[in-house]
Amino acid sequence: MSNSGDDAALPYYEDVSPGSGTLPPRARYDVPDASRQRLGGHWRFRLSPSAAAVDDSFARPEYDDSGWDRLPVPSHWVLHGHGAPAYTNTPYPFPLDPPRVPDENPTGDHRVVFDLAADWGGHVLLRFEGVESCARVWLNGRELGWFQGSRLPHEFALGRADGEGPLRRRGNVLAVRVHQWSAGSYLEDQDQWWLPGIFREVTLEHRPPGAVRDFRVHAAYDHTGGTGTLRVDSEPGGRVRVPELGLDLATGEAATVPVEPWSAEVPRLYEGELVTSADPAAPGSGGERVPLRIGFRTVAVADGVLKVNGRRVLFRGVNRHEFHPEHGRAVDRRTMAEDVRLMKQHNINAVRTSHYPPHPAFLDLCDELGLYVVDECDLETHGFHAVDWRGNPVDDDRWTPALLDRAERMVGRDRNHPSVIMWSLGNECGTGRGLSAMARRIRALDPSRPLHYEGDPSCADVDVYSRMYLPHEEVELIGRRAEPERGTPEQDARRRSLPFVHCEYAHAMGNGPGGLSEYQRLYETYERCQGGFVWEWIDHGIARRAPDGTRWYAYGGDFGEELHDGNFVCDGLLFPDRTPSPGLTEYKKVIEPVRIGAVPAAGADGAPADTLTVRNGYDFADLSALAFRWAYAVEGVPVAEGGLTVPPLGPGESAEVKLPEPPPARGCSGEAVWTVRAVLAADGPWAGAGHEVAWAQIPAGTVAAETGARPAARPAAAAFPAGPREDGGRAVPLGPGTFDAATGTLTGLRGLEVTGPRLDVWRAPTDNDEGAPWQPDLRLGPLWRRLGLHRMRHRTDEVTVGGGALVVRSRVAPAATDLALATTYRWTADGAVLRLEVSVEPLGDWPCPLPRLGLRLGLPGTLDRAEWYGGGPGEAYPDTRAASRLGRWAMPVDAMQTPYVRPQENGAREGVRWAELRRRDGTGIRMTGEPPFWFSARRWTTEELDAADHGTDLRAGERIWVHLDHAQQGIGSQSCGPGVLPQHRLAASPASFAVGFSVPEGPGGDS
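Numbers 221 to 1227, taken from the working numbering, label the letters of the sequence shown in order.
Quick caveat, the hints were computed from the structure, so don't treat them as lab data. Since no wrong hints were added, every one of them can be taken at face value.
Label pairs and their in silico Cβ distance ranges:
(1) Asp960 x Val857: 36 to 42 Å
(2) Gly506 x Arg610: 51 to 57 Å
(3) Gly904 x Val857: 30 to 36 Å
(4) Pro231 x Ala1036: 54 to 60 Å
(5) Ala1115 x Ala520: 47 to 53 Å
(6) Ala1115 x Pro315: 45 to 51 Å
(7) Gly908 x Gly1024: 55 to 61 Å
(8) Pro281 x Gly777: 41 to 47 Å
(9) Glu926 x Ala1042: 44 to 50 Å
(10) Ala925 x Glu1087: 20 to 26 Å
Backbone N, C-alpha and C define an ideal beta-carbon position, used for all residues, glycine too.
Could you build all of it, start to finish, from the sequences and the hints given here?
The following block contains the structure:
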């Protein structure tokens, strides 16, 4: 790819260099409030359509900006009514002609006036934590410089507070020009909203004589002796004090002492202080006191395994973009703390900072609460894949200084965080000399941490073998070090010697991801497979309001973008408002660090287990922080509960634990189950006492009804005919039901108006059903539509009455094909209970699994309260059911819906034995299944759900639409990964199932 024009004549925002006038990177630390002045607030703001639309006279102090708007800083101007956001996954939203950008380059001019703190007397720095994508800076009319590198800090020296340089005591005018597009934009194609602006803090920092210019904390841990070695290098030198360890050292001096190591499970930090002086000969004169939070730990790849403190670690991770639904990437510390607490509460132990270094406060929280961090550089050039990587900046030497600057700023800022255990060169940049140069520079700056990068199959510059979205079978081959050969024999041998990290997997877009349990079994089986990072943490839906005030979330295309990737930006385990999705609940269960299982009972086959096995799956922590509780229930009714004594098992240890004797279940009969839970024994920094860490359910057999106990009340049977009667009219009565004589369709049930039930195979395709266009595997959503499964036709072939049954034979089929489902409905009555037996025989050569197989019926909208005995409380599908626990659950029908940003199939409850829908007065309908069924209910049809683009498109109707499914197709993660595993596919094959309907005694139904 050739570049247009002469690079030497290009404007600064098209310069491939990182900038000019900025200071070298340095370690970030918490400066006392007395030494830091925050410039956030409302600034004056003007937006221009291009970089050349106006001159730079606005930077002069006397410039009249009274007619400008006001804009909060930090913020993105497009989220405050100035222009609009845009989303693309990989395509650049401008022509590929590096380093040139379009004339249409929205440019925001910012101005703020500030006074200096009265007691400042030394040098002052101006610090920007993050600006997208290129900023030029003036103070009091004097240009300080410019920079690119949106998610990295940049500092300028302002001179002395006493008047040296452009700085004044009062009335300082800071002017900042920000361009949306720049040469740096080619390095920031990171699958997120393009959001220009000053989105992180702007601060002044007072640097008194003797202040620390930079420092480095070395805190290694020797697991063989339980000691830590501390050395702090500083410019200028000083003393290091760690009172808890009794240390008082000169900088540059090392000391080895017994310590407790830092890990994500036990994030032990030691408080210390670095003290410098203005005059080294006179300690205590001026200088600075820098707070230190020291975590002793060592990270290394040894024997083909990534180890922390000498032990293999298993990543139970997520990828995290910074996002807030109202503020974009302007995320405050409270929101970051909420993220970290939610991660810890859901058993997550690691974060990949996709695809840029996070706000530094996030790393502080990871140090404190315990998360491993793969700190990723602010770099992605994915859009060049569209032109076979021609012109890729990472393979163009002109861009190497910018790449090195980004690497240096990341390492310089973050290297003192114990939570950071790997550096990542960036994401999806292909290969090139610039990446190798970055790797060499990072190793020179910090040889203590391994390097990560996924995009180079040779693994020449890295210490771990990283891949994305691999199918389960390939992960298993990698675990056995038996994957297909790649590259030269030398490269192949080196790659096989490396530990494997699944840096992105289980694409959490919409309903899903499926297949998590199967991945986790592989990670726990093969030493080489050290876990991975689910893509991703949160849906990036931008909050909007409908005319009626209803909140909804926008995705790509909702702002009129010419080029966009739709709702691919909504692919997180959290909904945009940070409500956990069913996918996060499932992930928590799958990765729980304590495994509880049943020991098969000795002797008789099928006897209920009376002993548990408890295994500690932590890498470092024992189980002393957990308490174990048991609960015993019959038919979902709680009978008794209590505590369970489990020894404080060490990492990897297991023990057998006896269950108590089953307590008497007075007044209860039926299916019995133990639920055993591991919970926090005391309040902690990220959750309170009683927070559930792990759980399991163990079948406890069947409890017989007590002798002489009164049977459960049931409607009298005498009022209903035992068999169907033909009366020559249009209706056929059978038990409590009324049927259409011509079609055999149930129309009423003891006064309830019923629509259906009839066979249904269609579901509103999930994002994973639809699949990604680049996926090589069959995409089921588009195929289902091509086959016409969304427009099935039902033909009644025969209705017969006799032998105590009403039998309907029908053919269910789409147009334009000979594929069909021959369906037989056989209705009988047992007193007040209608029983429907359904048999299905596929006709033709079906080329794909079915979306679902079951019954759909419509009921009056007043039946808006659901109760069921089965899996719950949340939704589940064949490959997302680990978190579903057996019990009795109740909630409004509206609460059964899962509010995916793009509406799609949702809300199924699995393993349901019976379900009821009731009115406020308690009357309603009861449905039972043989075998148990999948149950869902909603106020709109599947067709309406399928047609909706956003939740606000759905309008509640006058009917409740109920699905009683014999089977469901699994979910998979084909929105950007493998499809449904074979064992979770719903093949078009013969099937039979039965459902019972009854109306409990009470006031008659209404329609």
